[in-house]
Amino acid sequence: MKALHNPHLPWRAGLGLKPEHYADILSARPDVGFFEVHAENYMGDGGAPHRALAAIAERYPISLHGIGLSIGAARPLDRQHLARLRALIDRYRPHSFSEHLAWSTHDAGFLNDVLPLPYTAETLERVSAHVDEAQQATGCQLLLENPSSYVLFDDSTIDEIDFLDAIAERSGCGLLLDVNNVMVSAVNHGLDPYAYMDRFPVERVGEIHLAGYDETVDGAGERLLIDAHGSKVRDDVFALYRHTIARCGPVATLIEWDNDVPTFPLLLAEARRADSVLATAAGRREPMRRRA
Amino acid sequence: MDIIAIQNAFAAALVDPGQPAPAGITTARGKPDEKRFAVYRNNVAVGLTRALESRFPVTRQLVGADFFAGMARAFIAGHKPASPLIFAYGGDFPDFVAGFAPAAGLPYLADVARLEAAWTHAYHAADAVPLAIATLAGLDGERLAVARLTVHPAAALLRSCFPTGSIWQAHQGDIAGSASFSGGECVLVTRPEFDVRVHVLPPRDAPFAEALFGGLTLGEAAERTAAEPEFDFGAALVGLIGLGAFAGVRMEGG
Amino acid sequence: MNRQTFAFALAGSLATAMATATAAPLPAEKMVGMEKCYGIALKGQNDCAAGAGTTCAGTSTMDYQGNAWKAVPKGTCTTMNVDGHMGMLEPAKG
Chain W
2 MKALHNPHLP WRAGLGLKPE HYADILSARP DVGFFEVHAE NYMGDGGAPH
52 RALAAIAERY PISLHGIGLS IGAARPLDRQ HLARLRALID RYRPHSFSEH
102 LAWSTHDAGF LNDVLPLPYT AETLERVSAH VDEAQQATGC QLLLENPSSY
152 VLFDDSTIDE IDFLDAIAER SGCGLLLDVN NVMVSAVNHG LDPYAYMDRF
202 PVERVGEIHL AGYDETVDGA GERLLIDAHG SKVRDDVFAL YRHTIARCGP
252 VATLIEWDND VPTFPLLLAE ARRADSVLAT AAGRREPMRR RA
Chain L
52 MDIIAIQNAF AAALVDPGQP APAGITTARG KPDEKRFAVY RNNVAVGLTR
102 ALESRFPVTR QLVGADFFAG MARAFIAGHK PASPLIFAYG GDFPDFVAGF
152 APAAGLPYLA DVARLEAAWT HAYHAADAVP LAIATLAGLD GERLAVARLT
202 VHPAAALLRS CFPTGSIWQA HQGDIAGSAS FSGGECVLVT RPEFDVRVHV
252 LPPRDAPFAE ALFGGLTLGE AAERTAAEPE FDFGAALVGL IGLGAFAGVR
302 MEGG
Chain D
239 MNRQTFAFAL AGSLATAMAT ATAAPLPAEK MVGMEKCYGI ALKGQNDCAA
289 GAGTTCAGTS TMDYQGNAWK AVPKGTCTTM NVDGHMGMLE PAKG
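Chains as they are written, first to last, in this note's numbering: chain W, 2 to 293; chain L, 52 to 305; chain D, 239 to 332.
Hints are supplied without guarantee of correctness; some may be wrong.
[As the list claims (entries may be wrong)] Taking lysine-lysine pairs in the DSS-like style, the calculated list, with each CA pair at most 30 Å apart, reads:
| hint | chain 1 | residue 1 | chain 2 | residue 2 |
| --- | --- | --- | --- | --- |
| 1 | W | K233 | L | K86 |
| 2 | L | K131 | L | K86 |
| 3 | D | K281 | L | K82 |
| 4 | D | K281 | D | K312 |
Simulated from the structure, these hints should not be mistaken for laboratory data.
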């Protein structure tokens, strides 16, 4: 394997970058650890998005979070999309590059959600190969994110954590630990989120995501959490986050707020909340395990 | 089942609300649950509807939120995004609107949608320095006549039988009371730097602008417009170039 | 008009327009200042221009798929008179 560009995010809270906040950020220069962008939103040819991102990248570390690569798809990765990712990485030199353990591309078109896949020997091989291909094509280590899910597959034979760990072992990728996803999936599938967290291979984690979930019930009237990214981080998720940081030490932590985007000060307050947790754990952690 | 079959079944059920959740999809209870699968179906439907709402806000205001949602759903059923670049989704929505029978009573609706599509396209288009009029100043008449102008990557020209620009403008702030519009308009969308601009061109210059956007030479475009008594070649050219409609000039065949 | 005369007329027309444009009392820094006197500038909301982003967020907002809906004109088309036509929408099925 070629040597990969191994970027580092600071052990601080970061925020998702939204066009409605460009002006706030560029004029006030708030103290934020990093800004994360959804890669696909910067795949236009030019204009205001690139101008703003270039200006912000001069002042803050940037994290690139892909949504559309469809690493979990049965079909081959889209070479054109890989080239677009590579171009963004070359241009903005992000300190982190992540994608989802999910799929979204199909002959039916781009199904714009992060869809679940069964965990089997076959999908393990497929996903590992895709991660490897993505890393080679972008020259960048990839952090693979644990999914939130609403259903299970009869075909699954491998535990989710073992699945993620095996992909990381085979491909040399890191992991992105989404604490909200852990809560959402644990509640939806009747698991203990703390037990999940205590088994998670934290030494592979390069970034953490936090977000707010919504709540509804399924067809049997059981509690069903939706990974909605439209509110403050819920108390139970924040408590799980404290537990996680206490266990693994400080990790760059993103506040994801994508629906009903709030004013910048409210978003900043969420970052401060995470920063305070990170500050208590500062200095207790070795950098993420890496492979050359 | 192999992963190809699983994803084919999943995708087929996802895009067709009439289908049950695919076999093999279960819950921790060990029983399938339609409502859980519907979360994915809903995420896709709502996500794409929001994408259209955000790209076509005036079209939506014109028909109201409920009608727009229905029209969006009808469009989405037959038009999934071709790529993960959701900002580009809905480029063919205006054509769909034009053929959407329930909106036939609003013949101007599709052109308003076309203007909105051009707006977002301009916003994300490649950066290019607009052609400066000084570039043409050095050309003699013969060379000027055979020059062709390269359309700026962000620029779009929309010649409408309806007062599309005025309707659009009336929806950029709070609309108070009723409004009355008439006549066709030729609307030019440009983005000379980073801000998208929308202009209603003088009617006498519309055929000329259209000819230049169609790739005709300056001479051909001027000839085509010669019958228009009010037309002033120099004023029209200086005006269009000043708005940032073009990015370059090329001389071919003499 | 022969070809040469026509070409000459084009160049003359352009020269005149450019002279007028430069002579006009526009602030020098307004390179795109021509728009002040050419076409009607419409004011849009640039900040809302990005369009929809791609996002990995789910939603609990429900799309009531398959429900037939009755389109009563609730949009602004009902308050607009375009070429003598008031807005009319037909019921549609979703």
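For a quick check of understanding: which of the numbered hints are violated here, in increasing order? 3
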